[in-house]
Amino acid sequence: MTMTDTRKSILLSIGLLFLFVFIGELVTGDGSRHKKNLTEYETLMGLGEKQAHVPGPIEVAKLAVKELRHPFYDNGPNDKGIGTQLFFSILRVMAGYLLSVIIAVPLGFLIGMSPVFYKALQPYIQILKPISPLAWMPLALFVIKDSILSSVFVIFICSIWPMLINTAFGVMSVKSDFLNVGKTLEMNNVKMAFTIILPAALPTIFTGLRISMGISWLVIVAAEMLVGGTGIGYYVWNEWNNLDLASVVFSILMIGIVGMALDAMIAYISKYFDYQE
Amino acid sequence: MDTNFLNVKNISKSYPIKDSNSFVTIYENVSFSIDKGEFICLIGHSGCGKSTILNNLAGLNLVSGGSISMQGQNVNKPSLDRGVIFQNHSILPWLSVLKNVTMAIACKFKTMSKADIESRAIHFLKMVNLDDHIHKKPSELSGGMKQRVGIARAFAIEPSLLLMDEPFGALDALTRGKLQDKLVEICDKTKQTTFMITHDIDEAILLSDKILLMSDGPEARVAETVIVDIPKPRNRASIVNHPAYYVIRNYLVDFLVNQSSLISQKLKTGSLSDKDLPLTVDPLQLKYNLENNIINP
Amino acid sequence: MPVNSLDDPFNENSDLSHGAGCSCKSCHSKDVGMVENLPSSDEDIVNRFVETSIVKSIFNGNDMQRRNFIKTVGAGTFRAALLSIIPLGALQACVNDTKKKVENGGATNAAASKLEKTTLNIGFVPITCATPIIMSKPLGFYEKYGLDVNVIKTAGWAVARDKSLNKEYDASHMLTPMPLAMTMGAGSTSANYIMPAVENINGQAICLHNKHKNKRDPKMWKGFKFGVPFEYSMHNFLLRYYVAEFGLDPDKDIQIRVVPPPEMVANLKAGNLDGYLSPDPFNQRAVYEGVGFLHMLTKEIWEGHPCCAFACSEAFAKKHPNTYAALFSAIIDATNYSSKHENRSTISEAIAPKNYLNQPASVIKQVLTGKYADGLGNVLNEPNRIGFDPFPWHSMGVWILTQMKRWGYVKKDIDYKKIAEQVYLAAECGAKMKALGYDAPSTTYKKHIIMGKEFDPNHPEDYVNSFAIKA
Ligand SMILES: Nc1ncnc2c1ncn2[C@@H]1O[C@H](COP(=O)(O)OP(=O)(O)OP(=O)(O)O)[C@@H](O)[C@H]1O
Ligand SMILES: [Mg+2]
Ligand SMILES: [Zn+2]
Ligand SMILES: [Zn+2]
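Protein chains in written order, with the numbering used here: chain A, 1 to 277; chain B, 278 to 574; chain C, 575 to 1045.
Heads up, some of the hints might be wrong.
[Said to hold, decoys possible] Simulated crosslink set (DSBU-like; lysine-lysine; CA at most 30 Å straight-line):
1) C:K787 to A:K50
2) B:K455 to A:K175
3) A:K183 to B:K295
4) B:K313 to B:K286
5) C:K1008 to C:K691
6) A:K119 to B:K295
7) C:K826 to C:K843
8) A:K183 to B:K286
9) A:K145 to C:K688
10) B:K376 to A:K183
11) A:K271 to B:K414
12) A:K145 to C:K985
13) A:K119 to B:K354
14) B:K552 to A:K183
15) B:K403 to A:K183
16) A:K183 to B:K459
17) B:K385 to A:K175
18) B:K376 to A:K271
19) C:K992 to C:K1044
20) A:K36 to C:K787
21) A:K183 to B:K385
22) A:K271 to B:K391
23) C:K789 to C:K843
24) A:K175 to B:K387
25) C:K843 to A:K36
26) A:K175 to B:K354
27) B:K413 to A:K271
28) C:K843 to A:K66
29) C:K873 to C:K1020
30) B:K387 to A:K183
31) C:K785 to C:K799
32) C:K1020 to C:K892
33) B:K385 to B:K313
34) B:K313 to B:K552
35) B:K403 to A:K175
36) C:K741 to A:K145
37) A:K191 to B:K376
38) A:K191 to B:K413
39) A:K191 to B:K391
FYI, nobody ran anything at the bench for these hints, they're computed from the structure.
Using the sequences and the hints, build the whole thing.
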């Protein structure tokens, strides 16, 4: 019996995981300094306690089990479970992201319909696009005067450009043949927009939506590390303060998993609007 | 007063040359007419301006000079009265085969019920033998099938004038042949007024009542009108046996190989005048001339 | 020799070490609900803490408070131990004492009902300086005055400032120079800020990377990269003062970078910094992690220097006078509580969890008790490593302003005393301390000695000009 490629790749994946865990355990320690009969000085130096250290895979896994068993615990405003933190982050990402969808898609549509407008706005978009999210933060805090709304704004401002550009580009590059089909069927502008241009541009628009979702998720972590309070970014920051790298690694994994899930979500939705020529 | 169904009078088209103030004239002084029920083919070298003329007729592209009128109405924008089958089928890839056709029908027959629209669409898809594939997406179709969807879509809106731009250009010979047969069959049935662009001389002879020949661009002209006086209904297998067939065929080949460039040279040097164009060529006359060794003027 | 205004301010010679076994008069008379002998072991101190709090909550009859307490200390074990340990009689003996105190504090039930706002957000940066602000929550000082306070951890001073300016925080833990700078509009939008109380005195240190163990003479620090928590911080001004006394120009000979306190150790470890003058526990944490050593404590630069502050906008205080008064009282009580050495071990345990400092309790304890490893092989005992004293001396404000002038943070001529008096509410603080039954100084200016050099607040401009190295 021969194995299918899928089975081969699954086996390889599992093998790599084992290898990773094995090597990880080999090169990391648990931070304890294995000393007995400590002098007072040594005790105060923490030689009897665990030190900050790079955690091995098993330590991280144990921590993950512990954290995920009570994902919504609440020990006061500055110590909440990973589930709660992720929930806050996702909420903020969604707020900023949806806001930019609401604005970027129609605006991008209009820009794409007018080459003059497109050209006129290009320089501004190109200047604003590469600005780091953290550069927006002080400005947002100053103007909006609310740290949560500011992080939502930063999500908004960073995720809007790929959407705007992709929507405009998608609309602009709708094949003239498709437009001609609409024209010969005497469609008015509105009908044309919804029955020809939008469906034709949707795959490109969704590419922008996916890029933006990725950016939003990157940005929220950075923004929350900066302003703190709640969210996965704050969680990372709080654990980093204590040099608790196992928790940092665990939250990095969670950030990755949620990021992947958000991306998969958009990808899943986009499948319904995708087409092949 | 024009009595013809469609009248094209002295139209020309020019485009501004990029980064300069001058214009390039693609074609000029083009005049011809189409009668109701007529099947017209337009033949010419690549780039001479055939698609441009077709787009002018469709109203997708406006002429720079002259006028086009259909049934007394000036043609200056697209209309449901003129159905177009595009050079590359232009089926909307995000819609199913059926939806591609129903969408067009809904545009034309605004008051028709959903069920009627659908049965009409199915009727026309059946006509092109696609009734087994109505729920497929265009990406699941072969090139020939896509082209048939285009044909069904165009016929389904019952245009007064059907415009086809090399509808079978991208297909293999076998598929093309089958579709030509289909087209012959449908046109015979519906007496559809049609203007078609093709590079395929045999196809043109099989389908046309008249063939318009274009000289080379730029500043191309519709130089000649060849009358295809072969009785209908025609048949791909038997038409070759008709005495006029090879006469016309040879004539067309000669035009494309030699005359089209010669004519544009003559127009430039002034040895040929626009008022003599287009020449009308009668195949019977040709045949007679040939048999009596009379040299073509 | 520290001079803590919670103790007798006029007795300059009293040696107030406030150790675990301190028997001084002020410690005895002011300890809330404490009537027994002083505890002698750490365990006894913990029990004392629990008793004290429970007594208070029983007295107040406030169930919310009790639950809150148990949640914070987090232990059913404590409660079980408590029930077997506390004699009811002892509890009742305290009732009168405490009742008197509440009435004196002006936060009677009647006043509490007039609070304009009862739910407050107060920011803190996770450092030991913030102890009074943090401890008010688990100890129930906020609740005692009818306030429901969220103490919210903040990433750094710029964010604390911005969130205060944005009114997300009603009041905040700040650095003593910050309200002065904000009021003058230096480094931020100008907004009138007031500083009713200092949080802590001393409690900072210069920490160097282990590789510099043989560079103990600051003259050898040319080219060093130092971290300070904020531009408008005592840390910045003390570091500048210190190196300048050794002939280094802090703007030319060393690099000073702003690094949020929690990020200090990681940066030191990564080699981005050669050292820092930072709040604790990050100095002690560097030692604990085997990354750095304590070059010196800041109390050796200026014994009793102010560090962090409790501050809010003038607008907040004006709009919510009763709330502000209640909050002020809670902070003074908490500062007093924190100043007691016998409470320090307990405090260390209470503020160590994730919700507050998120640091090993053993590290915090070294800072608060003053028995610590210096990273050079010595165990030192310095009970006054950090002190808690609310009194905002105007002379301290003037000194800070002279340093802002000295290093070019303010360019224009300023009326030192006017600004200090506008921002530092020394008189108000003194009155409040007296009302709550604590001793308070009767003057608001005094001379300070910094590295052996006298500062006379009456001649600030002369003082600025007396320095050879300045911007
Ligand atoms: N928008 C335009 N601007 C400038 N020139 C154009 C434009 N559109 C077409 N042309 C030119 O007009 C000429 C005719 O083009 P057209 O597409 O009508 O050719 P065609 O006869 O259909 O060729 P083919 O047989 O290859 O389809 C070409 O030379 C082309 O370069
Ligand atoms: Mg063409
Ligand atoms: Zn004492
Ligand atoms: Zn401080």
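Original post:
Does the structure keep K455 of chain B and K175 of chain A at a Cα separation of 30 Å or less?
Top reply: holds (29 Å)
Original post:
Are the Cα positions of K1020 of chain C and K892 of chain C separated by 30 Å at most?
Top reply: Distance of about 29 Å is within 30 Å: holds.
Original post:
Does the alpha-carbon distance linking K145 of chain A and K985 of chain C stay inside the 30 Å limit?
Top reply: Status holds; Cα separation ~28 Å.
**OP:** Take the C-alpha atoms of K175 of chain A and K387 of chain B, compute the straight-line distance between them, and say whether it is at most 30 Å.
**Re:** With Cα atoms ~26 Å apart, K175 of chain A and K387 of chain B stay inside 30 Å; holds.
Original post:
Is the straight-line distance between the alpha-carbon of K313 of chain B and that of K552 of chain B 30 Å or less?
Top reply: holds (26 Å)
Original post:
Going straight from one Cα to the other, do K387 of chain B and K183 of chain A come out at no more than 30 Å?
Top reply: holds (16 Å)
Subject >> 30 Å Cα cutoff - pair K183 of chain A, K286 of chain B >> reply: holds (24 Å)
Subject >> Straight-line alpha-carbon gap K552 of chain B to K183 of chain A, limit 30 Å >> reply: Cα-Cα ~35 Å, so violated.
Subject >> Pair hint K175 of chain A and K354 of chain B, alpha-carbon separation not exceeding 30 Å >> reply: holds (19 Å)
Original post:
Given the hinted pair K191 of chain A and K391 of chain B, is their alpha-carbon gap at most 30 Å?
Top reply: Cα-Cα ~18 Å, so holds.
Subject >> Pair hint K826 of chain C and K843 of chain C, alpha-carbon separation not exceeding 30 Å >> reply: Roughly 24 Å between the alpha carbons, so the hint for K826 of chain C and K843 of chain C holds.
Original post:
Under the criterion that the straight-line Cα-Cα distance not exceed 30 Å, is the pair K191 of chain A, K413 of chain B satisfied?
Top reply: holds (24 Å)
Against the hints set out earlier in the document, a violation occurs for number 14 only.
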